[in-house]
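Positions 330 to 864 (our numbering) are the ones given, in order, by the sequence shown.
No lab work stands behind these hints, which were simulated from the structure alone.
Glycine included, every Cβ here is placed at the ideal spot set by N, Cα and C.
Treat the hints with care, as some may be off.
Using C-beta positions, here's what the derived DEER-type ranges look like [as the list claims (entries may be wrong)]:
no.: 1; residue 1: E451; residue 2: G572; range: 29 to 35 Å
no.: 2; residue 1: D510; residue 2: A385; range: 30 to 36 Å
no.: 3; residue 1: L823; residue 2: D375; range: 35 to 41 Å
no.: 4; residue 1: L588; residue 2: D491; range: 43 to 49 Å
no.: 5; residue 1: E368; residue 2: G836; range: 53 to 59 Å
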Amino acid sequence: MFDRLVDGVSAALWNLEPSEAVYLGKHEYDGVVPELTEEFIGAQVDRLHGLRERLAGLDGLDADQAFDRRQLTAAIDTALIDWDRIAWWRGNPMAPIRMLDVTLYLTRDYAPFPHRAEAAAEVLDAAPRLLEQAKACAGGEVPGVFGEWAIRMSAGLADSLDNLPAQLAGEDPLAAGSLVDAGRSAAAALRDYVAWIETEVMPAAGGDFAVGGDVLEAMLRDGELVDLDLDELLAMGEADLAGNVEALGEAAAGIDPGLSPSEVYARHVASVHAPGGDLVTAAREMLEGIRSFLVGRDLITIPSEVRARVDATPEHMRWAFAMMSTPGPYETEATEAYYYVTPVDPSWDEDQAREWLNALNVYALDDISVHEAYPGHYVHFLHYDHAPTEVSKRVASYAFTEGWAHYVEQMMWEEGYRGGDPRFRMAQLTEALVRNCRFVAAIKMHAYGMTLDEATGLFKEYALYEETPARTEAERGAFDPGYYSYTLGKLQILRLRDDVQAAEGAGFSLKSFHDRLLSRGAPPVEMMRDVLVPS
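Let's have the full structure, built from the sequences with the hints guiding it.
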């Protein structure tokens with residue numbers, strides 16, 4: 330009975346988000362695009378409510394099943410908040426865009442290209458239907474920031490689809506031709522969608538994007554099992570921010586006490602670029618150094634000798650500095666993981682190239698590589714492959730996943746990585762301050778009335794950001810209130826580590842703590858307290 334309920338919940342979740350199933354390696358969902366209608370989504374939501382009740386009523390579960398039920402219930406509650414309570418799909422014109430992303434089909438070689446191209450074409454063929462459904466279910470005043478980002482995302486995806494002929498050069502011509510045709514049709518539908526947003530949505534757009542304190546508390550309480558109110562959480566986040574500001578000042582003073590932290594960062598950190606501006610080669614060399622440090626200090630088990638491949642970010646994905654692309658736990662063919670680093674665009678002028686290299690200076694790139702690869706996301710997903718149950722393979726906590734990758738940045742500094750170089754410390758702290766600002770901005774924007782302008786000022790004041798990146802971060806918080814998860818997860822893991830160390834005393838091992846922490850995939854961090862701290 331329990332296993333059937335697990336499969337039923339998984340199916341309902343994947344019906345809403347088939348791309349998640351494809352990522353995990355469940356390729357029976359290849360090419361599937363959900364219906365964006367009240368009838369379809371309502372049916373899945375009702376199904377999840379019913380399955381949740383049935384899970385709650387089960388008796389006689391063993392320890393693993395009881396743990397899985399708690400994790401699965403948190404995943405159901407998170408989905409119900411997204412699809413039923415907030416209902417982004419109904420009030421946010423950004424909602425359908427990510428459903429049309431075919432990146433995984435193009436970049437992950439899990440099947441022969443004709444099969445993947447056919448699945449990608451099925452996704453793109455659904456674009457006209459999906460976008461018309463998005464128009465039909467739109468209701469009420471749309472926040473202007475949602476409309477602006479929907480325009481940006483739709484136009485960007487349309488442009489990337491126009492580039493499919495170049496991306497598919499050298500592939501099977503028949504399969505590539507069909508995919509190119511589907512891409513053209515989808516691009517046209519996306520541009521029609523942009524025109525609709527510009528003419529029908531934006532003239533009546535408003536400014537209120539906040540989900541409200543009650544919804545935010547539900548996200549934290551039901552999805553992440555955090556038993557603190559928003560005032561307590563905000564105080565915790567602001568304390569961590571203040572501590573990192575102080576640490577940044579101390580690191581800057583150790584480099585040049587005559588300058589402000591921002592001046593020290595600009596002169597002594599941001600200005601140190603990868604040799605020849607070759608970010609991919611620099612990152613490749615860094616990964617080996619980071620991995621060697623982990624092995625030498627015996628800080629965590631690395632379950633595979635297979636290295637993550639470092640490569641330039643595919644052109645249609647170059648909206649981020651760097652990212653990991655890892656195979657899901659059910660993937661059997663395409664088992665190679667890619668660490669993508671976005672190089673300087675050859676079309677940029679000298680100033681643009683310098684700004685990019687300043688942002689991805691060698692110390693920042695090193696810290697990002699810790700977060701993305703060793704011992705961050707890549708090592709985490711290697712452990713994921715050994716997760717003991719179906720639930721632990723299928724659902725994941727946002728705060729655990731990003732909190733782990735953010736935690737290890739600080740842990741590596743604490744353990745002596747880079748030999749105490751204050752320039753690396755400044756890079757690590759500036760990344761931490763960005764996450765601190767996300768935490769504070771998410772709570773204040775969605776529960777305390779902080780405006781986008783005020784959130785932008787927060788990032789400018791504390792994260793050393795200029796106007797454009799600060800505004801971008803603030804706007805992300807408007808449609809991603811859960812981006813508090815980086816700092817939340819880090820602080821939860823640090824507190825759990827302290828409690829485990831206090832309980833185990835002289836027998837505490839950091840490696841053992843890390844291995845045990847990752848042993849069940851990525852459940853809400855608080856669930857691992859029952860596993861790691863004796864009652």
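Checked hints:
Look at E451 against G572: about 50 Å separates their beta carbons, and that is not inside 29 to 35 Å. Between D510 and A385 the CB atoms are about 49 Å apart, so this pair departs from the stated range of 30 to 36 Å. The hinted window of 35 to 41 Å between L823 and D375 holds, with their beta carbons roughly 40 Å apart. At about 46 Å, the CB distance of L588 to D491 agrees with the hint of 43 to 49 Å.
Under the hint 53 to 59 Å, the C-beta atoms of E368 and G836, about 57 Å apart, fit the expected range.
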